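J.: Going by our numbering, the first residue of the sequence shown is number 845, and it counts up by one from there.
Once the Cα atoms are required to be at most 27 Å apart in a straight line, the calculated DSSO-like pairs of lysine-lysine come out as: (1) LYS1095 - LYS941; (2) LYS1073 - LYS1095; (3) LYS1073 - LYS869; (4) LYS942 - LYS1095; (5) LYS941 - LYS869; (6) LYS1288 - LYS1073; (7) LYS1098 - LYS1288.
Taking CB as the label site, the calculated pair distances span: (8) SER1291 - ALA977: 40 to 46 Å; (9) LEU960 - SER1291: 46 to 52 Å; (10) ASP1037 - LEU1064: 37 to 43 Å; (11) GLY968 - SER1189: 37 to 43 Å; (12) SER1036 - ILE967: 22 to 28 Å; (13) TRP1181 - SER1036: 35 to 41 Å; (14) VAL1058 - GLU1286: 35 to 41 Å; (15) VAL1163 - ASN1041: 44 to 50 Å; (16) SER1036 - PHE1283: 51 to 57 Å.
In short, the hints are calculated from the structure, not lab data. Keep in mind it's a predicted model, so treat the numbers as computed, not measured. Glycine is no exception: its CB is placed at the ideal position from the N, C-alpha and C atoms.
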Amino acid sequence: MTTDTSPRDGTAATDADPGRTSIVKVVFASLIGTAVEWYDFFLYGSAAALVFGTLFFPESEDATGTLLAFGTYALGFVARPLGGIVFGHFGDKVGRKKMLVFSLFLMGVATFAIGLLPTYASIGVAAPLLLLACRLVQGFAVGGEWGGAVLMAAEHGDDSQRGFWSSWPQAGVALGNLFATGVLWVLAAVQSDDAFNAWGWRVPFLLSAVLVAVGLWVRLSVEESPVFKEARTELETKETAHLPLLEVFRKYPKEVLVAMGMRMAENISYYLFTVISISFLTLYAGTADDKSLILKALLIGSVVHFVTIPVIGAISDRVGRRPLYLAGAIGVAAWSWVFFDLIASRSEGKIILAIVVGLVLHALMYSPQAAFFSELFGTSVRYTGASVGYQLASIFAGALAPIIAIELLGDASAGVTNVPKVAVYMTLASVITVVAVLFAHETKATSLRHDRVLGD
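Whole structure, please, built from the sequences with the hints as guidance.
T.: Next up, the structure:
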């Protein structure tokens, strides 16, 4: 049985420097790396909504082509659990840092390759197949990214401020979407539709090479998690093989299911308020020629989202993770009933309001999620456990959300728009999340220096 040696005086537990500088450096590395990796991942979703249907599935109707583009988008989510398992396994055996560096490099290669892909007009059916291959690599890489990034922040920081520090990698996701949306918005604003479709869409993907180089430089400069170092030392004295995935399902089956349930409303609502909103405005609300309107609204929403996440993380250290998560789950369900009406108004102010409020409600769940999931699992399986719970839910939530929403909305060419069906879909997801949160125990300020796999 391991001993709880976590400090109780508000200092960070690190090997050399227990002061604030160390945790700030670690959090900055997690933030930048996560922002770069999710820039790449979200860029695909935005491009799928804007141009991929036309460029890679040109023989389909507009809505069908978009649906097929979202199909390749969804398959990236299918690869995420595999990435979570593989990166989690090695992250729990050899360390968090090495896996984070490799995941970022892999994501950069795949995203840069998308920017070089020939379209259907050039090579026919091989084009969407190559696009799919790149998307699968993206999904595999990002599947291993999240767990390692939040654990580096959570395991370096002190118990009483874990919600705040570990929320910064979550803010990195918002920052990545901000980067992706910002680049697309600038290009859409300064280019004609013909120029954007011909070559402009490639620019954001090729720019990822620069961002990845910066992210790798920052991540290589941080130290390994001190909590993991302690656990690894103890594991090396054990005679039995360390198999994190099997140990997670043997010791923490409830925690995996709780994490998956908590992800449903959070994950679906995010893609409802971002990716699906693009398709809704361009396909159903009659503004297909003005892509910059929805991109501007998403840009403003991403800024608010980025700022809000660490604020809510700090609040969760005081009031707990569960109250905020419940408020967010109930809030996104209620907001989904008015969201599309605001988007359909074609009023810039109302569209911005719809997205900003939606993302703030999402942040009530997403901000405390990093600390919450980290606190559910023991150290020697924490990377695997948090990643598996997080990424398995992505298949049923984020992967299917755009496809289900487009199907529920109906045939855009026929002028059919079934908005209430999407609101019901969001509400059902929120019910699942509320039940999952009620089954979870409050975990704020608990020590991460524990490991039931090792005998606790």
